[in-house]
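Let chain C serve as the given structure and place chain R on it in line with the hints.
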Amino acid sequence: MCDHTNKNIYLPYLATVEEIIDETPDVRTLRLVFQDEKVRDSFNFRAGQFCEYSAFGAGESTFCIASSPTRKGYIECCFRSVGRVTEALRRLEAGETMGVRGPYGNSFPIEDFFGKNLVFVAGGIALPPLRTLIWNCLDLRDKFGEITIVYGARTEADMVYKRELKEWQERNDVRLVKTVDPGGNGSEWDGKVGFVPTVLEETAPLADNTIAFVCGPPIMIKFTLPVLEKLGFSDGKVYTTLENRMKCGLGKCGRCNVGNVYVCKDGPVFTAEQVKRMPMEF
Amino acid sequence: MKNRRFLLVGSDFEPFCMALYGQGGIHIPKICADGGVRFAHPVEGELPDLSLIRTILPLKKYLFPPKDKVLSYSQDNGYQPVEYNSGKLLIFGVHPCDLAAISYLDKIFLNGEPDAFYLPRRKSLALIGVSCMPDKYCSCGDIASPMPADCDIFLYKIETGYMVSCESDEGSAILSPLSPFLHETDILPPESTRDNFSLNSVEKFPDDLSGVSSELQEMARSCLGCGACSICCPTCYCFDLLELPSLNGERAERFRIWDNCLYQSHAEVAGGYNFRKARTERFDYRYRHKYLGFGQLQGIMSCVGCGRCIANCPAGLDLRPLACKALKESSHAATSP
Chain C
513 MCDHTNKNIY LPYLATVEEI IDETPDVRTL RLVFQDEKVR DSFNFRAGQF
563 CEYSAFGAGE STFCIASSPT RKGYIECCFR SVGRVTEALR RLEAGETMGV
613 RGPYGNSFPI EDFFGKNLVF VAGGIALPPL RTLIWNCLDL RDKFGEITIV
663 YGARTEADMV YKRELKEWQE RNDVRLVKTV DPGGNGSEWD GKVGFVPTVL
713 EETAPLADNT IAFVCGPPIM IKFTLPVLEK LGFSDGKVYT TLENRMKCGL
763 GKCGRCNVGN VYVCKDGPVF TAEQVKRMPM EF
Chain R
4 MKNRRFLLVG SDFEPFCMAL YGQGGIHIPK ICADGGVRFA HPVEGELPDL
54 SLIRTILPLK KYLFPPKDKV LSYSQDNGYQ PVEYNSGKLL IFGVHPCDLA
104 AISYLDKIFL NGEPDAFYLP RRKSLALIGV SCMPDKYCSC GDIASPMPAD
154 CDIFLYKIET GYMVSCESDE GSAILSPLSP FLHETDILPP ESTRDNFSLN
204 SVEKFPDDLS GVSSELQEMA RSCLGCGACS ICCPTCYCFD LLELPSLNGE
254 RAERFRIWDN CLYQSHAEVA GGYNFRKART ERFDYRYRHK YLGFGQLQGI
304 MSCVGCGRCI ANCPAGLDLR PLACKALKES SHAATSP
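In order, the protein sequences belong to chains C and R. If you count by my numbering, then the first sequence holds residues 513 to 794, one letter each, in order. If you count by my numbering, then the second sequence holds residues 4 to 340, one letter each, in order.
Hints may be right or wrong, so weigh each one.
Claimed, not checked - Here are some chain R residues pointing at chain C (derived, C-beta under 7 Å):
| hint | residue |
| --- | --- |
| 1 | Leu74 |
| 2 | Tyr76 |
| 3 | Cys241 |
| 4 | Asp243 |
| 5 | Glu246 |
Claimed, not checked - Here are the simulated DSSO-like pairs of lysine-lysine, each with C-alpha atoms no more than 27 Å apart in a straight line:
| hint | chain 1 | residue 1 | chain 2 | residue 2 |
| --- | --- | --- | --- | --- |
| 6 | R | Lys207 | C | Lys519 |
| 7 | R | Lys72 | C | Lys519 |
| 8 | C | Lys519 | C | Lys550 |
| 9 | C | Lys788 | R | Lys207 |
| 10 | R | Lys64 | C | Lys519 |
| 11 | R | Lys72 | R | Lys91 |
| 12 | R | Lys91 | C | Lys519 |
| 13 | R | Lys110 | C | Lys519 |
| 14 | C | Lys704 | C | Lys690 |
| 15 | R | Lys70 | C | Lys519 |
| 16 | C | Lys788 | R | Lys280 |
Said to hold, decoys possible - Some, not all, of what chain R presents toward chain C, calculated at C-beta under 7 Å:
| hint | residue |
| --- | --- |
| 17 | Tyr82 |
| 18 | Pro137 |
| 19 | Phe242 |
| 20 | Leu244 |
| 21 | Pro248 |
| 22 | Gly252 |
| 23 | Ala255 |
| 24 | Gln267 |
| 25 | Ala270 |
| 26 | Phe297 |
| 27 | Gly298 |
For the record, the hints were derived by calculation from the structure and aren't laboratory data. Note that beta-carbon positions come from the ideal geometry of N, C-alpha and C, so glycine has one too.
Bound conformation, chain C alone (with noise of 0.2 Å):
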C-alpha cells in the first residue's frame, strides 16, 4: 500500500450567496463566490462539468455549473425545488453561506467545434447544462459559425433565463427558436407552440459541419435523436449531458451508473453514439 496524503474529498469549499434570480416560480438560480481567495483563484472549471452543492443542515445535491468558465470570479448554479436539500437551498438569502465541492466530470470538448455551426436544444430546466456551453462559444463568437438554440418549455412562465433568451433573440449573431407545448402560450407569446422534437424539425439546422446538443426530459431526447438523425446528424456529432442520481461525485459511491460507465466520472457528457450503447431506456 502506499503512502498518500490524506485528503477529505467530502469537504466542500465555503461559497457566498451572492444573488438570487428566480428563474420560474420554483427554478431558482444562485449567483456563488468562494469566501476562500485562493480557491477563488484556483477553481478552475469546463463546460460541462458539475459540483456537489450543500446545504447546512440538509445535505447535498448535484447541479452542473451553469455559468460560462469565460466569467470568472462566480460560479452560477440553477435548480428547481423539489426535495430536502432543494428546499433549504431556496431558503438561503443573499448574502448567506453554502458549500460546494467540485467541479466533477468531464467537458464539452470545445476546441473540436472551433470552426462549426453549433445548434443546441433543450427542454424545461435542461438549459443550464447548455447555457455554460452556449456562452462560453457567444464569449468566443468568431470561433464558430452559425449558432441556432432551439429551446422549449411546457409553459412561458417555465421558461428559465428570460432575459437571457431575450438577449439571444436581439442578437443577430445567434438564431432562437422559443417554443411552449400546445396550450402553455399565453396571448403576448412570440415563439412558436409545438414540442421541441417537431419545432427541430421545422428549423431544420443544415447539419453539414455542424454539431448538435440536446439535453432534457428523457422523453424529448428519446422523441428528439430520430430528428436529428432525419436532418442528417450522426450519433457522434451529437452531444448530450446526462444526470443520475450522485452521491459522491468521484465514481465510488455506485449511484450513477448505467452499464459499466460512470455518469459523472465518464460523463456527463455523452455523445449519441455513447448513449445508445447504454443499456438504458430513455
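Okay, now just chain R, sitting in the frame of chain C:
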C-alpha cells in the same frame, strides 16, 4: 522472517495464540452470545474457532463502517473534516475469500486519490489468513477470482497443526516474538482454497445477458428486495451521503452510510424519477456489478465466492447458476460457427 514458512504443531497452537493476544488489539472469529458468528474480541483465554465457515459481516465493517462520520458542521466553524487515527488491530482467522475481497476494496478506495477514511483503517489492520473447507454455499472453486488473497501471515491447516507463512514486514514483526513456537520449513504450502484466488486467466462474463434474461426475470420476481445479499457481501460498497442536523439547527454531521442497489431508492432522484424502477433492473444491476464490474474495474469479477448472499437470502436465491449459465452460453456462442 518475511517470505519464510514455519511449522506450528497442534499442541503449540494455544500458547501461540495467547502470546499473539499479548501483542495488543485482536479480533477472532467466534460464536457470540446471540449465536451469530462474528469477528470480535476474544474473552479471557478464548481460542479462535478456525472451523467456523463464515461470519455474518465480512471485514468491510472495519474498513468501511456501516455509518461513518465524514464531516461535522457548526454555525461558527463551517464544515470541519473528521480525521481517523485508528489503533492497530490484528484480525486472526480470515478466509482467502475475505482476503481477496479486501484486495478488491483496496482497488476501489485506494486507487487514484486514496480515501481519507479507508486508508488509515486499512493501514491499521494486520491480517492473519487461514485455509478453510468450503461448504455448499461457497463458490471459490467454481468461478475463479482474479483478486489475490493477500495478508501478513497465512496459516495452512496441515495434519500436525499449521504451516505458518510470513508474507510481509508487518507479519515478520508479529511473528518474531513468537519464534519459540515456530520451526522453519522449506516444504511447499499444501493445496488450499487460497489457490482459487489471484488467477491470471479468469473467464470473462458476457456483457450481453439476453441468454439468461428469463432466469434473471424469474429470480427478480422471487427477490424480496431486502438487500441482505448486498449488506453481507464483502465487496459491495455502494454508499449514500446523509446529513443529520441537530434539533436547533446549529450543528450537523454528515455520514457516509452503506447503501443497497436492491433498494428502490438507490437510483431514485428528487421529483420521483427512478433510473432503476423495476426490481428486474435492480437485480440486473447487481449481477452486472458483481460479475462484469464497472468503470475502471470493468472486467474484474468482484464475487469472491464467500457464499454469504446465498446463506442469508430469505428467498433462497443463488446467482451462481445464472453466472455459470451466462458463461456457458458465451463459450457456446464463441465456438459455434
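Each hint tested on the structure:
1. Leu74: 6 Å, holds
2. Tyr76: Holds, about 6 Å.
3. Cys241: Where the cut-off is 7 Å and the nearest Cβ of chain C is about 4 Å from Cys241(R), the hint holds.
4. Asp243: The hint holds - Asp243(R) has a Cβ within 7 Å of chain C, the shortest such distance being about 6 Å.
5. Glu246: Because about 4 Å separates Glu246(R) from the closest Cβ in chain C, which is inside the 7 Å limit, the hint holds.
6. Lys207(R) - Lys519(C): 35 Å, violated
7. Lys72(R) - Lys519(C): With a Cα-Cα distance of about 15 Å, the restraint between Lys72(R) and Lys519(C) holds, given a limit of 27 Å.
8. Lys519(C) - Lys550(C): Distance ~18 Å between Lys519(C) and Lys550(C) Cα, so the pair holds.
9. Lys788(C) - Lys207(R): 23 Å, holds
10. Lys64(R) - Lys519(C): Status holds; Cα separation ~21 Å.
11. Lys72(R) - Lys91(R): 20 Å, holds
12. Lys91(R) - Lys519(C): Holds. Lys91(R) to Lys519(C) sits at ~21 Å (cutoff 27 Å).
13. Lys110(R) - Lys519(C): 17 Å, holds
14. Lys704(C) - Lys690(C): 6 Å, holds
15. Lys70(R) - Lys519(C): Given pair Lys70(R), Lys519(C) holds - Cα atoms ~19 Å apart, limit 27 Å.
16. Lys788(C) - Lys280(R): Since the Cα atoms of Lys788(C) and Lys280(R) sit roughly 20 Å apart, the hinted pair holds (cutoff 27 Å).
17. Tyr82: Holds - the Cβ of Tyr82(R) comes within 7 Å of chain C, reaching about 6 Å at its closest.
18. Pro137: 28 Å, violated
19. Phe242: 5 Å, holds
20. Leu244: Cβ of Leu244(R) sits 5 Å from chain C, so the hint holds.
21. Pro248: 3 Å, holds
22. Gly252: For Gly252(R), the interface hint holds, since the closest Cβ of chain C sits about 6 Å away, which is under 7 Å.
23. Ala255: Since the shortest Cβ distance to chain C is 4 Å, the answer is holds.
24. Gln267: This interface hint is violated because 12 Å lies over the 7 Å limit.
25. Ala270: Holds, about 5 Å.
26. Phe297: Holds, about 5 Å.
27. Gly298: 5 Å, holds
The structure is inconsistent with the numbered hints 6, 18, 24, although it conforms to all the rest.
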